[in-house]
Amino acid sequence: MLPRQLIDMSRPAQGDRIRACVDDTSPGGPLDRAVAQAIADALFLDVEYVPALTGFPINAEGYLAEMEIHLHNDCDLFMGIAVQPSSPFPEWAAMTRPYAEVPFVLVTANPDYDALADIPLGSMIGTALASLGERVFITTMLQRRESERWKRLPYADFDLMTTRLLDGSLQGMVLWEPAWTRILASNSEARDLRVIALDPVPTPVVQVGALISSHDTFLRTEVDAAIEALTRDGTFDAILAELGLGQ
Amino acid sequence: MIKFTLKSALALALSTSALIGVANAQGVRENYAPVTNDMVLDPPASEWISWRGTIDNQGFSSLDQINRETVDSLQLAWAWPMADVGLQETAPLMHDGVLFLQTNNNIVQALDARSGDLIWEYRPALAQIPAEWGYQNYQSRRQKNSIALYEDTVVLTTVDARIIVLDATNGKVLREVQAFDYNVGYSYTVGPIVVNGTIISAISGCSISGTAGGCYVVAHDFETLEEQWRFNTLDDPSNPEQQASWGDVPPENRWGGTPWATGSYDPRTNTTFWGVGMPAPYAALVRGSEDGDTLYTNSTLALDADTGELKWYYQHLPRDDWDLDSPFERVLVDIEENGETRHLLVSVPGKNGIFFALDRDTGEYLWSQETVYQNSVSRIDEDGTVHTNEDLMLKALGEEVLICTSVSGGKLWQAGAYSPLTQRFYVPLTEACNVVEATQTEFTAGNATGSMRFGPRVLPEGITEAGLVEAIQVGTTRDEDGGWKVRQRPSMTSSLLTTGGGLVIGGDAGRYVKAWDQETGEVLWEQRLNAPVGGSPMTYELDGEQYLVVPTGFSAAASSISSAFPEIPLPSGTGNSVFVFKLPNSDS
Chain A
28 MLPRQLIDMS
38 RPAQGDRIRA
48 CVDDTSPGGP
58 LDRAVAQAIA
68 DALFLDVEYV
78 PALTGFPINA
88 EGYLAEMEIH
98 LHNDCDLFMG
108 IAVQPSSPFP
118 EWAAMTRPYA
128 EVPFVLVTAN
138 PDYDALADIP
148 LGSMIGTALA
158 SLGERVFITT
168 MLQRRESERW
178 KRLPYADFDL
188 MTTRLLDGSL
198 QGMVLWEPAW
208 TRILASNSEA
218 RDLRVIALDP
228 VPTPVVQVGA
238 LISSHDTFLR
248 TEVDAAIEAL
258 TRDGTFDAIL
268 AELGLGQ
Chain B
657 MIKFTLKSAL
667 ALALSTSALI
677 GVANAQGVRE
687 NYAPVTNDMV
697 LDPPASEWIS
707 WRGTIDNQGF
717 SSLDQINRET
727 VDSLQLAWAW
737 PMADVGLQET
747 APLMHDGVLF
757 LQTNNNIVQA
767 LDARSGDLIW
777 EYRPALAQIP
787 AEWGYQNYQS
797 RRQKNSIALY
807 EDTVVLTTVD
817 ARIIVLDATN
827 GKVLREVQAF
837 DYNVGYSYTV
847 GPIVVNGTII
857 SAISGCSISG
867 TAGGCYVVAH
877 DFETLEEQWR
887 FNTLDDPSNP
897 EQQASWGDVP
907 PENRWGGTPW
917 ATGSYDPRTN
927 TTFWGVGMPA
937 PYAALVRGSE
947 DGDTLYTNST
957 LALDADTGEL
967 KWYYQHLPRD
977 DWDLDSPFER
987 VLVDIEENGE
997 TRHLLVSVPG
1007 KNGIFFALDR
1017 DTGEYLWSQE
1027 TVYQNSVSRI
1037 DEDGTVHTNE
1047 DLMLKALGEE
1057 VLICTSVSGG
1067 KLWQAGAYSP
1077 LTQRFYVPLT
1087 EACNVVEATQ
1097 TEFTAGNATG
1107 SMRFGPRVLP
1117 EGITEAGLVE
1127 AIQVGTTRDE
1137 DGGWKVRQRP
1147 SMTSSLLTTG
1157 GGLVIGGDAG
1167 RYVKAWDQET
1177 GEVLWEQRLN
1187 APVGGSPMTY
1197 ELDGEQYLVV
1207 PTGFSAAASS
1217 ISSAFPEIPL
1227 PSGTGNSVFV
1237 FKLPNSDS
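Residue numbers (my numbering), protein chains in the order written: chain A, 28 to 274; chain B, 657 to 1244.
Quick caveat, the hints were computed from the structure, so don't treat them as lab data.
The beta carbon of each residue, even a glycine, is placed where N, CA and C say it ideally should be.
Among the clues, some could well be false.
[Unchecked claim] Some chain B residues close to chain A (C-beta under 10 angstroms, calculated; not the full set):
#1 VAL905
#2 TRP911
#3 GLY1019
#4 TRP1023
#5 TYR1029
#6 MET1108
#7 SER1228
[As the list claims (entries may be wrong)] Derived Cβ-Cβ restraints for the label pairs, each shown as a range:
#8 A:PHE245 / B:ASP728: 54 to 62 angstroms
#9 B:ARG924 / A:SER215: 53 to 61 angstroms
#10 A:GLY195 / B:GLU882: 19 to 27 angstroms
#11 A:GLN64 / B:GLU1182: 53 to 61 angstroms
#12 A:PRO138 / B:GLY869: 51 to 59 angstroms
#13 B:ASP904 / A:THR244: 30 to 38 angstroms
Isolated chain A (complex conformation) (with noise of 0.2 angstroms):
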């Protein structure tokens, strides 16, 4: 139980501003901005960013009381959460439906390799450390006999990873495409890897939402009434298409 010293239990008076928490160094940043954005306009109010609490894995010991904290305290929107079966965030947020499905993609920097199926057996993939990618991958493989399996290495530094796929140490990496094309804007060798199929891994697909204070049981309604309607009037994809998104 948090001390209770710790939140801020004021009300707000923030008139027509709307505070989305985004993680702006996390390769989803982009959509979650423009999602955020896209969703202020829908209910007619100014949309204030808050850089997001970043730093943990969302179960380990201590994030949750800084999430609770920063939920609280700090944000009325915290974007950019997997919405999945098993969440680990307990009664005090609620999660808003997903406003976007995202894949993972294998990127090799072999010519002669259209999908996982091409590359050896055996051959070192890296992975996207504690991803959906990642976790599909190892399901996959332990599906497998162990003959017919790829070697993985986990990644957290994306940019290491790609690294090591230029340097021949990895013969593919599996990581969000939100990851991926950020790395393509910034990394100039990385113009000559490509995205192939992952065969015979199923594509991973991230549904993203975002979180809100169980106590904005309006806010939620709200927002959720947002996202149903921008999914269906074409905003959202055209908002992934613009980022080079979801294709």
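Please arrange chain B on chain A, whose structure you already have, making use of the hints.
Frame of chain A; chain B shown alone:
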């Protein structure tokens, strides 16, 4: 997002901390007697000058005015509110009539140990850490024992990975060094030892992605703060066995191995002993190390204090799959047996609560003994080979296993204490289990590497009392019937203190500080305070009077398992305080 360069942040910190240091120098302690190196090695019985009182980490004071017969007459001498909120895990020190109290955000206060009056306060200008850096902010509210006394200084390790040397007489900054780069995730959570002119410390934050491949015990020259050596717990190219123990995982993909409890020191062999935490990612399935032991995680390290060279290691939990790390206090004990002195290292090093006795000269395993219910280790061979329970290792993502103890322990940072009077090691423990599941963690704060979901802490089946104080008979062989166990509903939340008065002193989530009889475990005195008892109780003597210092405050060890004792409500405020008791009939 705001970006800081290390240089600019350090410059800002230096300039501002100098100003603050002056601003906070409310008072000056005149004629302060320096803590000499000899005193570090053999402290005056009347003082408490390091985390566990002595550099062997025993947690024992020979003072005996407060004893079995007198303890129930204790009265409050004075109390003091701590300078900041947050988790309270402090370890007050006392030298030459000054009580040094380090609290969260690296605030240090010097108090008159007789009256509790403030002499000076040091509030560091910590490098501005963006509010969204959750891990670092959490750590800054969770400082444990981050000061050491040496000569006429206070040596402080900080949440932004600096070592700061303060003038003990007025709290002014004398010198400091940015020991590690906080920008990539490093932070200090425990204090150093200072001996023979060397500051030996250990860095935390090694589960953050930016710190891949490097987690260190490090030595700095006390005078110049120049680095003398560092030992990497994750990468030891000189030991092929260590390299092989990570399988195909190269150093740049290794995390964890944090030595997050202050080490001990043996002057006889010039050896410093440190415990090391878990590997990350927590599950072998995710970290890719397969059936490798992931050395030196969950190990005791014996390092040459002059060079940092590894003398020996012993691994207490190979192939950890559940974040049951083993960094806790390593206690040095000499035992006379058959006319021979045996030099032991004893410890409950890990969250799973298993006690180990090692020969500290060789690292040889002598014996072990379980305390709380645990299922992480299936057996330990006579040669000391630990068999981690493979049945409970995660075989698929999404699979849940119930592991005992929980990620909160069992044993946690709360240190046990040894008494040479009884040759027993007394340890505060919690009965708890939790479900674990390897899971994905991206989008929010994806730059830490644990990758595991922990369920609520629950009591093991058939157990109704969370708290346990266990006395373990120490010798070269196991004597399972030589100790005692005292169980209670609320969890234990403080370190223990043993005294020459035959007492074991500590406290719990129910806000009670208690004194147990070292011989029997009988509760001889208890006093309810304002908040869970936390940190590390200690004792000292001034003007012929013995004082007992008891920190209280917000406690994760209380809240994490509070559902096991719902009849005891926890305070909603932090209440971080220090209470000081002494016997009546004194007029000072």
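For the pair A:PHE245 and B:ASP728, does the Cβ-Cβ distance stay inside 54 to 62 angstroms?
Holds: the Cβ-Cβ distance is about 57 angstroms, inside 54 to 62 angstroms.
Hinted contact B:TRP1023 with chain A - closest CB pair below 10 angstroms
Because about 31 angstroms separates B:TRP1023 from the closest Cβ in chain A, which is outside the 10 angstroms limit, the hint is violated.
Is 53 to 61 angstroms right for how far apart the beta carbons of A:GLN64 and B:GLU1182 are?
Once the Cβ atoms are compared, 59 angstroms apart, the range 53 to 61 angstroms for B:GLU1182 and A:GLN64 holds.
With a cut-off of 10 angstroms on the beta carbons, see whether B:TYR1029 makes it to chain A.
For B:TYR1029, the interface hint is violated, since the closest Cβ of chain A sits about 21 angstroms away, which is over 10 angstroms.
Do the numbers back the hint for B:SER1228, that is, is its least Cβ distance to chain A under 10 angstroms?
Where the cut-off is 10 angstroms and the nearest Cβ of chain A is about 4 angstroms from B:SER1228, the hint holds.
Range agreement (Cβ of B:GLY869 with Cβ of A:PRO138, hint 51 to 59 angstroms):
Cβ of A:PRO138 to Cβ of B:GLY869: about 32 angstroms, so the range 51 to 59 angstroms is violated.
Quick check: does the Cβ-Cβ distance between A:GLY195 and B:GLU882 fall within 19 to 27 angstroms?
With a Cβ separation near 40 angstroms, A:GLY195 and B:GLU882 fall outside 19 to 27 angstroms, so the hint is violated.
Holds or violated: B:TRP911 as interface residue toward chain A, Cβ cutoff 10 angstroms?
At about 8 angstroms, which falls below the 10 angstroms cut-off, the nearest Cβ of chain A leaves the hint on B:TRP911 intact, so it holds.
Is the shortest C-beta separation between B:GLY1019 and chain A less than 10 angstroms?
Violated, about 30 angstroms.
Tell me if B:MET1108 is really an interface residue toward chain A, meaning its C-beta lies closer than 10 angstroms to one of theirs.
Given a least distance of 6 angstroms, the restraint on B:MET1108 holds.
Hint check: 10 angstroms Cβ-Cβ cutoff, B:VAL905 to chain A:
Status holds, d = 6 angstroms.
Measuring from beta carbon to beta carbon, are B:ASP904 and A:THR244 in 30 to 38 angstroms?
Violated, at about 49 angstroms.
In terms of the numbered hints stated before, the structure departs from hints 3, 4, 5, 10, 12, 13, listed from lowest to highest.
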